[in-house]
Structure formats: structure tokens, C-alpha cells
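Student: One-letter residues, chain by chain:
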Amino acid sequence: MNRRGFLDLLLGGGAVALLGAIVYPILRFVMPPRQPEASVSSVVAAKVGELAPNTGKLFRFGKDPALLVLTARGEYRAFSATCTHLDCNVQYRPDLEHIWCACHNGHYDLNGKNIAGPPPAPLTQYDVRVRGDDIIVTRA
Amino acid sequence: MNQSRIAAWLDERLSLSALSDLARKKQVPMHRHSLWYYLGGMTLFCFLVQVISGIFLLLYYRPTAEAAFESVQFIMTDVPFGWLVRSIHSWAANLLIFFAFVHMFSVFLLRGFRKPREITWVSGAMLLFLSLGFGFSGYLLPWNQLAYFATKVGTDILGQVPLVGGWLLEVARGGEDVTGATLTRFFGVHVAILPMITTFFLLTHLVLVQKQGMSVPIGPEYKTCRQMPFMPNFALRDLVGWTLALGLLVLLASLFPWELGVKADPLASAPAGIRPEWFFVFMFQTLKYIPGKVLFIDGELIGIAGFALAGLALVLVPFLDRRASREERGALFTAIGWIGIGYIILFTILGYVA
Amino acid sequence: MQVAGNGRRSIRCGAAFALVVGLWCVVPAGAAQTPNSCINCHSAQTTERLRQPAIRYPDDIHAAKNVSCTDCHGGDASRGFTENDPRLAHSRSKGYRGAPRPEAIPELCARCHSDVEYMKNYSPKLRVDQLLEYRSSYHGKALAKGDEKVATCTSCHGVHGILPASDTRSPTYKTNVAATCARCHADPDRMAPYGIPTDQLALYSASIHGRKLLEEGDLAAPTCNSCHGNHGATPPGLTSTSEVCGECHANNRDFFNQSPHKDAYAEMEIGECVTCHGHHDIQHLTDDKVGVSSESLCIECHAEGEPGYQTAAGIAAGLDSLKTMLAIAHERLERAERGGVDVALGKFDLHAADDALIKARTAVHYFNPEKFNEVISAGLTETENVIGHGDAALWDLKLRRIGLAFAIPLILFVALMLVFKIRQIERRKPIP
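Residue numbers (this note's numbering), protein chains in the order written: chain L, 1 to 140; chain W, 1 to 354; chain G, 1 to 432.
Worth flagging that the hints you see were computed from the coordinates, not collected in a lab. Every residue, glycine too, gets a C-beta built ideally from N, C-alpha and C. There's no promise every hint is true.
As the list claims (entries may be wrong) - Straight line, CA to CA, 35 Å or less: simulated DSBU-like cross-link-like pairs of lysine-lysine:
id : chain 1 : residue 1 : chain 2 : residue 2
1  : L       : Lys63     : W       : Lys115
2  : G       : Lys141    : G       : Lys262
3  : L       : Lys47     : G       : Lys347
4  : W       : Lys25     : G       : Lys145
5  : G       : Lys174    : G       : Lys94
6  : G       : Lys359    : G       : Lys323
7  : G       : Lys125    : G       : Lys65
8  : L       : Lys63     : G       : Lys359
9  : G       : Lys347    : L       : Lys57
10 : W       : Lys263    : G       : Lys398
11 : L       : Lys113    : G       : Lys65
12 : L       : Lys57     : W       : Lys263
13 : G       : Lys323    : G       : Lys398
14 : G       : Lys398    : G       : Lys289
15 : G       : Lys125    : G       : Lys94
16 : G       : Lys262    : G       : Lys289
17 : G       : Lys174    : G       : Lys212
18 : G       : Lys125    : L       : Lys113
19 : G       : Lys94     : L       : Lys113
20 : L       : Lys47     : L       : Lys57
21 : L       : Lys63     : L       : Lys113
22 : G       : Lys421    : L       : Lys57
23 : G       : Lys323    : G       : Lys262
24 : W       : Lys115    : G       : Lys429
25 : G       : Lys371    : L       : Lys63
26 : G       : Lys421    : W       : Lys223
27 : G       : Lys398    : G       : Lys371
28 : G       : Lys174    : G       : Lys262
29 : W       : Lys211    : G       : Lys347
30 : G       : Lys323    : W       : Lys263
31 : G       : Lys125    : L       : Lys57
32 : G       : Lys125    : G       : Lys149
33 : G       : Lys371    : L       : Lys113
34 : G       : Lys174    : G       : Lys120
35 : G       : Lys174    : G       : Lys289
36 : W       : Lys25     : G       : Lys262
What the hints assert, rightly or not - Selected chain G positions facing chain W (Cβ under 7 Å, derived; list incomplete):
id : residue
37 : Leu397
38 : Arg400
39 : Pro409
40 : Ala415
Turn these sequences into a full structure, and let the hints guide you.
Tutor: See the structure below:
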């Protein structure tokens, strides 16, 4: 093979490789990721049966912590889990049957209303729907 | 299949041979200012990168106040190579505007707008304004604090225009304030309206350049300079430039990925140091220096009027530079050009250090 | 209730009057007042001391509830002004008693405020035990012994312009309480006979509680009466301090009460909580106060070699290890973020990890190595989680760099080949 043909080969090979290096990311980009969309306004918080009655579970909603509660009477409730006092994560207390913040003894009822302690405002409440096996929490 | 058989088949239907003749015959003058000829193609390259990366971003972006920021975050974190596509789009936008300005100034100084290229120049000026419009409308789309408040300030200035200012502001914002409606509106402008208008002017510009060939600077020595065939010599050189520009984009996008910022919160106070995008900074800074009131007129109004006049003058340059239309060298417009360049650079720097 | 006959009649007049006007009707002070010769005559006085009560009383909560001058002072409010004869109004036969002496004030106020049936007319939830509490307080006991200089009702609540404690202008509104107490308690001359220090307001204002309430306006923060009580004002007892602090700091109280310090402090007769944290001057305790360093509080009691010393050292070590890991976690996420990788998921878990440090600092109050280390391990697990996220992000970053290291040379190679191609073409066919 002469010099000209060699150069053509190198150029062609390089161009094809470059094209591949462009097309490969594009193809990967176009294939939707496992979670096909940003969970902005709704998220699957848990599966049915995951929570026992009178227990709670912390989960992630967007970038914020949230609390899913299954009350003793069998109702699902969901709230923002960021305490309105100094931003600690709240938890569900089965013995008190309502929500509690460990940092400074703040108490919230099952409507999210601040009922005792330092928190100055209620917890934001979210909507909960059960669809099949999924417990879906959406912003109200 | 034989290449020439395909070519012949197409040619019978599309008269492609006429086009390929044109390409083969096109010559590019070689002289000491020939380097500037690459800039138009560089600008076009950036524009093409924007179109392609923009279309891919469209697959995941959501133009509502509730989801825009999160969708961009999604692209940056969850979509494979999403960070790359988005960062390339943001960097190429800046490169596009940069090259557009340099291309415009070089053509200005080389008097490329002389007869018969007046329409080429006018369409080019429109393309410059359109790219600024792309930049302004696109900047809001990630819906972060900086973008939100920069848009607020920018559209506030629209409201200063006499008589129609209020109407302009409401049409631009889709309401009285910057809201989700503004976002949706800017999105429509960015992906549909501006592209449509740009296509028209771009085709005009490109067709004219092909038809009329490259202009040469004023002076007898340029009339008899060497000519380089466009195909394949200049075209290959163009391609080298485009390849290197691609490398630069990939480097910038990888080492300096575009940041997400903080989600826009209209109720929060504006973050300190709100500034529009860099290509508007010189105008912003100029407005800051104009006193609040000059005689009885609002200072800002004077500034806006000044820029409007400058924009109009830019479009009309071919008809204003009398000496150039007589094929005479002229110091005046050269001086104006350099002053313009100096002013933009100086005031952009001032906008960042002052 | 021991009151003079005329006084009882005045009360009954006042009560009947209030019932007639309307139990829940809150009328503006000026509107429903029957013509009041007390107010009319006193407003026209030139002596400030006599004029002020009449000027200020219309804003008083009692005026709004249709309690008139005569309900406290006795006398006849229907006569004396037009006749220009004070003696008609200041009628002894109608029970006029003038301005009461300090030692009579609590009883005077209590005539209504301790009458359960009477106060129910205004609001059944109003307390009626203030006098009882007052009598048990230092102020009340001193007053009973004849000290007229101590605080009585009017010292804190004001007189003739009394506002409910929920009104921000009231001296008993939460943010004003400290200043009200300080009127006497920060006055060295006043406090000298009692030997009580006068630095409480200064200390409190600089303390974390003071700053939270007075500077940041956080109404959840305590002030004087939050710990000392109002009418029964008394410093908390040695063995009940943790109950007072525990009203808000519940976990600290619970852990402390389970700890060896509870009984030990009671035996040594030193105050719970305040021994380490102070009382008026409480600040955010820094971590170096726990442990065995020269700065720590633990070594003030625990000498080297004692079990307490080991516990202190262990607690300090646990805190340090958690803080170190947290710092690593923070740094790793920051590095990833600076490189351009988004770490929202990592930050979410980091929040939980930071919470663990807060929990750990509370768990110090167990003063028990096993229980404390449980909290520390939980925290360390969270932190490891975060570091995992950070590492994944940094790996992502590395992959990008590798991709770049592959892409850039490829691009440069293609550009170079193009240049060679150009030279090759122009060698064969030079440009004319």
C-alpha cells in the first residue's frame, strides 16, 4: 500500500472512530434510564405490606426526606420529614401514635399539625394513593 | 452499488451536478487576511452543534416551573452522557455568540459588506441579534436563581421602552411577573420561533455567500491575489478547524461541566451579584454608568435608545459607509470598528471587576 | 375571701354590670363606658401622678372588660366631676380606699382573679391560682414578712394600662419578660439587701437561649418564667433541674435520669444540668468540653484511672471518630460536586448522617459507654453510606476523565490526518 492509501486509511479510520465516539454517547443518551423521569411531584414510597400498622418509614421525595405513616386504623399518611424547628428528621412514634422530633421534643399530630414543643409550623402533608402494589406519594 | 450510479440517479432528479459544479468552481482568495474567512464556518459549526444537542435535550427537558429544574438535574445525573450533552449545549452557546461577534467585526473591518453583499450583511446582522435572542431565551430554561433574576432584570429593561414598554414587557413575560408562563413562552421562542426565523436568514446568508463568493478587502493588491479552490483545499482546512473546535467543546464540557445552580424561588430575595450572561454584561455595565436622569429623560431610557440606535446603525452599515461603497479605504469606519471592539471588551471586563 | 363589706358590694355591682352588658362582649374601652367621673376628673389634673391613670386606663384590658375604677378603688364613679367635688367620688361610705399599699395589692387583685365563678364569666380557661402560687414564692413570702420592696402584681403587670401577656406591648409578653424581671434583679442597689447577684440579664442576653429569643425572635426559646415560673417564681430545685430543662430537651433529661450522674449529683447536692451547662449563661457546649483534655469538664471530678475518666475518654473518642468520618463524607461529596457530578442522593443521606452527630451529642448524657457507642455505630454506618455515594460519584468523574483522555487524542489525531491529507493533495496538485 502506498503512502497515499495509508494516509487515507488512517484518516478514514480516525474519522470512523470519531464518528463512533460521537454516536455511542448519543445512543446511550437516547435509551431512557431505569428511572424514566425525575421524581418531582410523585414517588413510589413503599410497597403494600411493607409497613405494619402503627409504624412509619422515612423515604426520599425529590431531594427531601419524607415520612410515610400507616396509622393504627389502617390509613396511609405522608408528610415532609423536615422538622419546622431546626430541620432535624422527624420520626413516627408508635407509643405516642403521632410524629415526634428527637432533637427538641417537638410533637406533630397525624394531620401534621405541630401540637407541642418548639416547632412553629405544621409539617407539609402529601397525598397518598395506593395503586396496585405501590404506595404513591404526590405533592398536594 | 456503484457510487457514480447513485450520483447519476440523484442528479437526474435533483440537478445535483449544478450544485457540485458550483462547489468545485468556488475559489477562496488567499491573502494576509484570509484567516478571517474561517470564522463564518466556525460560527455555523457552533450553530449546528446547538441544533443537534438542543434537539437531544428536548427528549428530557420539561418547560414548566415545577419540573424544569428537576428535569435538567435529571439530565445531568440520571441520563447517560446527559451531563455531556447539556454541558456541550451550554458551552457551544457561548462559543457561538463569541464567534458571531468576532466574525461580524472581522467582516466589518474588512468591509465585506460592500456591494453586492449588502443583503448578506443585513441577514448576518439579523443572525447576530437572533443568536443573542437564543442566548437570552435559553438562559432561563434551567430555571435556577441566577437565570430567574437575570431574566427579571432583563425584561424589566424592556418595560422602560416608551409607549409600548408595558405591552412589550407583558408579552415577553407572559404576564406581569416572571412566572412559569414566562418559562413556557421562552421555551417556545427558543425551540420554535427563533429557529424558524433563523432558518430563513441563515439560508439567505449561506446561499448568498455561495453565489457571490468571498469578498476581498479594498485595494488593488487584492484584486489579483492567488485563489484557493474551495473543494477540497479550503473545505478540508475548514474541517480541521471544526474538528479542533469539537475537541475544545468536549474538553470544556468535561473539565468545566455547566452547573445546576439553585432552583428558582421567586419569593427569595435576589442573590447578590445578579448579572446577565456575559454577552450582555457590557450593555448592563453601560446602563449603570448613565446617570439616573439626564435633563428630564430617564437615564435608562437614554441607554436603551442608544443601543437601539447602535443596532440599527449596525444593520445599515453598508449604506452608511460611503467610502467603502466607492471602493475607497476609509479610516473613519475602521476607527469606529476598533472603538466598538474596545468598548465591548472594556465594559465586559468592568462588569466583572467593578 | 376576706373583704370589707363595701368592697363586696362593689364586686357584685361590677359582676352584675358585666353580666348585663354581655358575657362575651368585648367592647372598645371608650364606647360602652358609662360616664365615669373618675376618668373625667383625673384626666383634667395637672399633676402627672394623678393624670396618668386616667390617660392610660382606657387601654387597659380591664377597661375593655368593663371593670371600672371603682371595682378596685371603691368610691362612686357617677358623681363628683360635674359638681367639682372630689369628696363625692372619693366616698368612704361607697368603699373608697385610694391607692392600695403594696402588701394589699395581691389580695386586691385576687378578689376577682382567684374567684373561680367570677373569672368563668370572662373565660373558663383563665387560671385562678395566682395568689396561691405567689404566696409560695420568694416574693410572696417576703411580702408576708413585711418587705414592701418585693415584686407584687403591679410590678410586672403594670397598673392602669395592663395588657394581656399575649399582647406584644405587654411587659409580660415573652420577649419582654427578661427586661421586666431585670427592672429589679439587675439593679445592684435594690438587690444588695438580699445578696442576690444582678448579672442574670446580662448573662441571659448573651446566652444561647437569650440570643435565640431576643435576637432571632424564636419564641420557642425559654425566658425567666419558663424555668422559674411566674407567680410562684422560684429557682428550680437541685434534683428537679433536669425536669425543667427536659421540658424541651426531653432526650437529654431521659438519658441523664438513666445515667450514674443522677444519683451522684443528688448525693453531692450539685445541680443537675447546670453543673456543666450553667444556668443563665448557657452556651452551645463545644465538643472539647467532653473528654479528658485540659478543656474538658469531666476531669473536674474524674481523676485518671477512675472508671468515669475511662468513660469520658471513650465518649470523646467516639465523638471524634464520628466527626472525622463525617468530615470525610462531606469532603468526598464536595469533591465530586466540584468535579461536576451531581450528588443529590448522597446529600440526602448526609443529612441523616449529620443528624447522627446531633443524636450522639445528646447520647453523651447517658454517661454510659455501651449506650453511647450504639449511637456512634449507627452514625458511622450512615457516614459509610455517604462515603460510598461520594466514591461512586468520584468514580464517575474518573470515568469521564478516562473518556476525555481517549476522545481528545482521537480528535487531535483526526485533525492531524486532515492536515496531512491537505499537504498530500497540495503536493500533487499545488495551488496556482
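Student: Evaluate each hint against the coordinates.
Tutor: Structure-based check of each hint:
Under the criterion of a C-alpha separation no larger than 35 Å, the hint pairing lysine 63 (chain L) with lysine 115 (chain W) is inconsistent with the structure, at around 60 Å. Distance hint between lysine 141 (chain G) and lysine 262 (chain G) is fulfilled; the C-alpha atoms sit about 31 Å from each other, no more than 35 Å. With a C-alpha separation of about 25 Å, the suggested pair lysine 47 (chain L) and lysine 347 (chain G) falls inside the 35 Å cut-off, and the hint holds. As the CA atoms of lysine 25 (chain W) and lysine 145 (chain G) are separated by approximately 119 Å, the hinted pair breaks the 35 Å bound.
Taken as a hint, the lysine 174 (chain G) and lysine 94 (chain G) pair is broken in the structure, with Cα atoms around 39 Å apart against an allowance of 35 Å. Restraint check for lysine 359 (chain G) and lysine 323 (chain G): the C-alpha separation of about 12 Å stays at or below 35 Å, so the hint holds. The straight-line distance between the Cα atoms of lysine 125 (chain G) and lysine 65 (chain G) is roughly 16 Å, inside the 35 Å bound, and the hint therefore holds. Among the hinted pairs, lysine 63 (chain L) with lysine 359 (chain G) is consistent with the structure: their alpha-carbon atoms are about 22 Å apart, no more than 35 Å.
Restraint check: the Cα-Cα separation between lysine 347 (chain G) and lysine 57 (chain L) comes to about 19 Å, which is no more than 35 Å; the hinted pair holds. Among the hinted pairs, lysine 263 (chain W) with lysine 398 (chain G) is consistent with the structure: their alpha-carbon atoms are about 27 Å apart, no more than 35 Å. For a cut-off of 35 Å, the pair hint linking lysine 113 (chain L) to lysine 65 (chain G) stands: about 33 Å separates their Cα positions. Restraint check for lysine 57 (chain L) and lysine 263 (chain W): the C-alpha separation of about 27 Å stays at or below 35 Å, so the hint holds.
At roughly 27 Å between alpha-carbon atoms, lysine 323 (chain G) and lysine 398 (chain G) fall within 35 Å of each other, so this suggested pair holds. For the suggested pair lysine 398 (chain G) and lysine 289 (chain G), the alpha carbons sit about 42 Å apart, so the restraint of at most 35 Å is broken. The hinted pair formed by lysine 125 (chain G) and lysine 94 (chain G) meets the criterion: a straight-line CA distance of about 32 Å does not exceed 35 Å. This hinted pair checks out: lysine 262 (chain G) and lysine 289 (chain G) have alpha carbons roughly 19 Å apart, not beyond 35 Å.
This hinted pair checks out: lysine 174 (chain G) and lysine 212 (chain G) have alpha carbons roughly 12 Å apart, not beyond 35 Å. Proposed proximity of lysine 125 (chain G) and lysine 113 (chain L) is supported: the alpha carbons are some 22 Å apart, at most 35 Å. Of the supplied pair hints, the one linking lysine 94 (chain G) and lysine 113 (chain L) is violated, its CA atoms being roughly 53 Å apart against a limit of 35 Å. Taking the CA atoms of lysine 47 (chain L) and lysine 57 (chain L), the gap is about 11 Å. The hint holds against a cut of 35 Å.
Note on lysine 63 (chain L) and lysine 113 (chain L): the hinted pairing holds, with a Cα-Cα distance of about 23 Å set against a maximum of 35 Å. Between the alpha carbons of lysine 421 (chain G) and lysine 57 (chain L) the distance comes to roughly 66 Å, so the proposed pair goes past 35 Å and is violated. Taking the CA atoms of lysine 323 (chain G) and lysine 262 (chain G), the gap is about 28 Å. The hint holds against a cut of 35 Å. A hinted pair counts as satisfied when its Cα atoms are at most 35 Å apart, and lysine 115 (chain W) with lysine 429 (chain G) qualifies at roughly 33 Å.
The hinted pair formed by lysine 371 (chain G) and lysine 63 (chain L) meets the criterion: a straight-line CA distance of about 32 Å does not exceed 35 Å. Distance hint between lysine 421 (chain G) and lysine 223 (chain W) is fulfilled; the C-alpha atoms sit about 29 Å from each other, no more than 35 Å. For the suggested pair lysine 398 (chain G) and lysine 371 (chain G), the alpha carbons sit about 41 Å apart, so the restraint of at most 35 Å is broken. In summary, the hint linking lysine 174 (chain G) to lysine 262 (chain G) is supported, as the alpha carbons are separated by about 31 Å, within the 35 Å threshold.
Taking the CA atoms of lysine 211 (chain W) and lysine 347 (chain G), the gap is near 58 Å; set against the 35 Å cutoff, the hint is violated. With a C-alpha separation of about 30 Å, the suggested pairing of lysine 323 (chain G) with lysine 263 (chain W) holds against the 35 Å cut-off. Annotation: proposed proximity of lysine 125 (chain G) to lysine 57 (chain L) is violated, straight-line Cα distance about 38 Å (limit 35 Å). Taking the CA atoms of lysine 125 (chain G) and lysine 149 (chain G), the gap is about 32 Å. The hint holds against a cut of 35 Å.
Between lysine 371 (chain G) and lysine 113 (chain L) the CA atoms are separated by roughly 32 Å; this keeps the pair inside 35 Å, and the hint holds. The hinted pair formed by lysine 174 (chain G) and lysine 120 (chain G) meets the criterion: a straight-line CA distance of about 25 Å does not exceed 35 Å. Taking the CA atoms of lysine 174 (chain G) and lysine 289 (chain G), the gap is about 31 Å. The hint holds against a cut of 35 Å. For a cut-off of 35 Å, the pair hint linking lysine 25 (chain W) to lysine 262 (chain G) is broken: about 100 Å separates their Cα positions.
Interface restraint check: leucine 397 (chain G) against chain W, minimum CB-CB distance 10 Å, threshold 7 Å, status violated. Interface restraint check: arginine 400 (chain G) against chain W, minimum CB-CB distance 6 Å, threshold 7 Å, status holds. Because the smallest distance between the Cβ of proline 409 (chain G) and any Cβ of chain W comes to about 9 Å, over 7 Å, the interface hint for this residue is violated. For alanine 415 (chain G), the shortest C-beta to C-beta distance to chain W is roughly 4 Å, which falls under 7 Å, so the interface hint holds.
In summary, the numbered hints that this structure violates are 1, 4, 5, 14, 19, 22, 27, 29, 31, 36, 37 and 39.
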